[in-house]
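Just so you know, the sequences run in chain order A and B. The opening residue of the first sequence carries number 1 in this note's numbering; numbering runs sequentially from there. The opening residue of the second sequence carries number 1 in this note's numbering; numbering runs sequentially from there.
Treat the hints as calculated values from the structure; they're not laboratory data. A portion of the hints provided could be inaccurate.
What the simulated footprint calls covered on chain A by chain B, stretch by stretch (three residues with Cβ under 8 angstroms from a Cβ of chain B suffice, anywhere in the stretch; the number is not a length) [stated by the list, open to error]:
1) 31-38
2) 75-88
3) 126-140
4) 208-216
Listed next, the in silico PhoX-like pairs over lysine-lysine satisfying Cα-Cα at most 20 angstroms (straight line) [stated by the list, open to error]:
5) A:K143 - B:K466
6) A:K143 - B:K300
7) B:K332 - B:K140
Here are the in silico distance ranges between beta carbons for each label pair [as the list claims (entries may be wrong)]:
8) A:S55 - B:G258: 19 to 27 angstroms
9) B:L325 - A:R264: 32 to 40 angstroms
10) A:T211 - B:E211: 27 to 35 angstroms
11) A:R217 - B:L325: 39 to 47 angstroms
12) A:R217 - B:G258: 30 to 38 angstroms
As the structure is a prediction and not an experimental result, all values here were calculated from the model. We put the CB at the ideal spot given by N, CA and C, even for glycine.
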Amino acid sequence: MGQEVRVNRQARDVRLGVVLYRNSRRELGRLVASLGLNRRSPGVAPFEVMWLDNSPDESLRAVLAELEPGADYRPSGGNLGFGLAHNQLMARAFSEPGVAHYVCVNPDAVLHPDCIRELAVEAERHARTGLVEARMFPDEHPKSYHPVTHETPWCSGCVLLITRELYEAEGGFDERFFMYCEDVDLSWRARAAGFSTHVAPAALAHHYTVTREVSSRREQSVRRSGALLGAKYGNAAFANSCLMKYEELGGPPFSAPALERPARALARVADFSHGFDFARGRW
Amino acid sequence: MRLPAAVDPVPPHAWVLEQVGAGARVLLLARDEVLVERLMAAGCTVLELEGASAPDRSLAERLGRLAPTHVVLSAEGSPPVFEETLRTVAESVPSATLLVGARNAASSTALLEVLSGHAPEVPATTEASLTRCFSALGLKVLERRAVSCQSRTTPLAAGTEAALRGLLSQLSPVTGADVLLYALAPSGASEESASRTHVPGLLSVVLWAGESQARPLLDEALFSLACQEQQPLEIVLVAPFRDEAARELLERYQAIGGYTFELVEAEARVAFAEGIRRARGQYLAFLESACIVYPDHYVKLVQALRDGEAAWAVSRARRTPLEGLERFVPHKRPLPLGEHLEPAHLHREPSLLFALVVERSRLGPFSLEQAVERASELPLRLAALFEPLFLGGIASCEQRFTGSEKEGPAGPLPELQMLTSLNILEERVERARADGASAKGMRHRVIDELNNRFRERVPRLHGALKSLAGRLVR
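The shape of chain A in the complex, shown without the other chains (with noise of 0.2 angstroms):
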């Protein structure tokens, strides 16, 4: 016990990290400027920020340059898809001692100015805290959460800070989702490992998806990827749902994900019965 106080008290500093593709220059614009402002925020953690591209070329690191001199940019050599890239700056964040948490955050969003700084203080509320997601803005994610404890049954991983702790009990997000539902992956191992997953209702992100024009494609790697959490979470029904789905929206042919049987801590928290919300939702 006493040894964990010193650690966390010697680990305080902040590493958040981007994933990029093919982004429009006000998009980024929007979001170096919210982090120019979180970092005038009092009280806020020192942090850093780390720049993944995983776009086909390397046209952003001008646009960076040009936005943030200096921006620790790198280029992912490939589409590593969002939990890959993530994990790959989250091991260089966390390979730094002075490193307490990991922040991912969408290239889509526009952080309050002080999101960061609620996200840690949220963090640090409660022992053993794995996951803190910010609080959508303007239009907040439906899903329940406890008024008090600000407890939720999954974090969504568009702005999403990953303590220390989880990342050494559980290390990142499961690879084999490329993108979407490696969130709700994550929130549920981490319940089964006892720790907490919350909302921050002070850490505003400006995220809006709801009027997004519809993407087949994005549609696809959706139904895909809920396939594998099916499949990874014994669901049957889940996950074939998913995957007819997935035929409907004319997907590519992918070998379907086996169906596993997850030890039963994991089976506890795993939650199919509302559906992709994954959680009840407030209206």
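Since the structure of chain A is provided, determine the placement of chain B on it from the hints.
Just chain B, lined up with the frame of chain A:
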């Protein structure tokens, strides 16, 4: 039945006598024996212009020698002649108060009489033309008074005449005045025109930040504005005091949003009116600190106005309760429900004021500044004259509140005439009939209402039952 307007003196004697005190030196530019007697009885000195006795002197010189404290003149007759006379008087005796009376050519009486063939001669002065003239001559209005129209002057059926006058008055309240009276004095600066042109394409959002309960939410309102996508954007923030904290927030979010802003001090009663006066945009919207907008809210509304001919557009909104210091949201209520906007929605849900955008160049003489003095009635007053465009679909803004829900009519239904086409009226009647006849619709409405109440009162049990129902359905 006709107003004996032609025989009434303009300006009326009683008003002139109110403006001058004993000892005043009053010059009448038009001879009026009765007024002369009444002024003298009130202790005034009545001056006369030298005419034939001094033909070699200019009007300006003669005026200057008389040194009146007040000059009474009527705007009857040719507008250029009146303007020239006013200019000469103002320049020659700059210390004098000018008392001007004018028949209003845009009064509902004048307009209806012209249409009825009962008014052979209408002077071409209106409030707008007089205001332009005063501004151009550098005259400021010390006092303005409007003499109301008589209610019945034409051979139209009483109900028709009242309805037409009502509509005209809603469009422009000055149509309700037969005679306009002004006390004027030089302002020291002449202006080209009092009317301001609006910046094409610019959206001005007038944001009232004076409600103390909602004030902590201002930060989030501005954050949402900074992240919304309609450009260019101007924020006119109105507060009841010099608000440096609001300025800091506005400056802070400029880094993200790229908007311009203006801070205006005004009391709640005139906040939106003052904000409108300062707003430069062709498009205009209203917000308060408790509101937030989604990124495409204004984009959709402005685009809908550009694509069509409506004067204003309104989106679906949400009413969102915030609980506790951490602003927990137990539920959100969309408004209005359904795919059609009815006038009754605008009355029952006055906060729809914060879900609309107005295209100002399509309002003609309708004065938003005046109409917004009763802000909760503004959507209904607009709808009475301008058929709105309702976007329906997904809600794109929220009106949040702390404490108990205060939504509901802000007052009784205002007495308004509605300018609506027969087609629209028939569609509304048809919808109402279909709703009434549909037992299914009624059942759904009852279930919706019960569901809302259940969710608001016992949210956890509601959620559990909803999940159970979801599982059973699947």
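Hint by hint, here is what the structure shows:
1. 31-38: holds (count 4)
2. 75-88: Violated - the region 75-88 of chain A has 0 residues with a Cβ nearer than 8 angstroms to chain B, which falls short of three.
3. 126-140: Check passed, 4 qualifying residues.
4. 208-216: Held - the region 208-216 of chain A has 3 residues with a Cβ nearer than 8 angstroms to chain B, which meets the minimum of three.
5. A:K143 - B:K466: Satisfied, since the Cα-Cα distance of roughly 13 angstroms is no more than 20 angstroms.
6. A:K143 - B:K300: violated, 27 angstroms
7. B:K332 - B:K140: Since the Cα atoms of K332 of chain B and K140 of chain B sit roughly 51 angstroms apart, the hinted pair is violated (cutoff 20 angstroms).
8. A:S55 - B:G258: 19 to 27 angstroms: Holds: the Cβ-Cβ distance is about 25 angstroms, inside 19 to 27 angstroms.
9. B:L325 - A:R264: 32 to 40 angstroms: holds, 39 angstroms
10. A:T211 - B:E211: 27 to 35 angstroms: Since the Cβ atoms of T211 of chain A and E211 of chain B sit about 29 angstroms apart, the hinted range of 27 to 35 angstroms holds.
11. A:R217 - B:L325: 39 to 47 angstroms: Given about 42 angstroms between the Cβ atoms, the range holds.
12. A:R217 - B:G258: 30 to 38 angstroms: At roughly 31 angstroms between Cβ atoms, G258 of chain B and R217 of chain A fall inside 30 to 38 angstroms, so the hint holds.
Hint compliance for this structure: hints 2, 6 and 7 are not met, and every other hint is.
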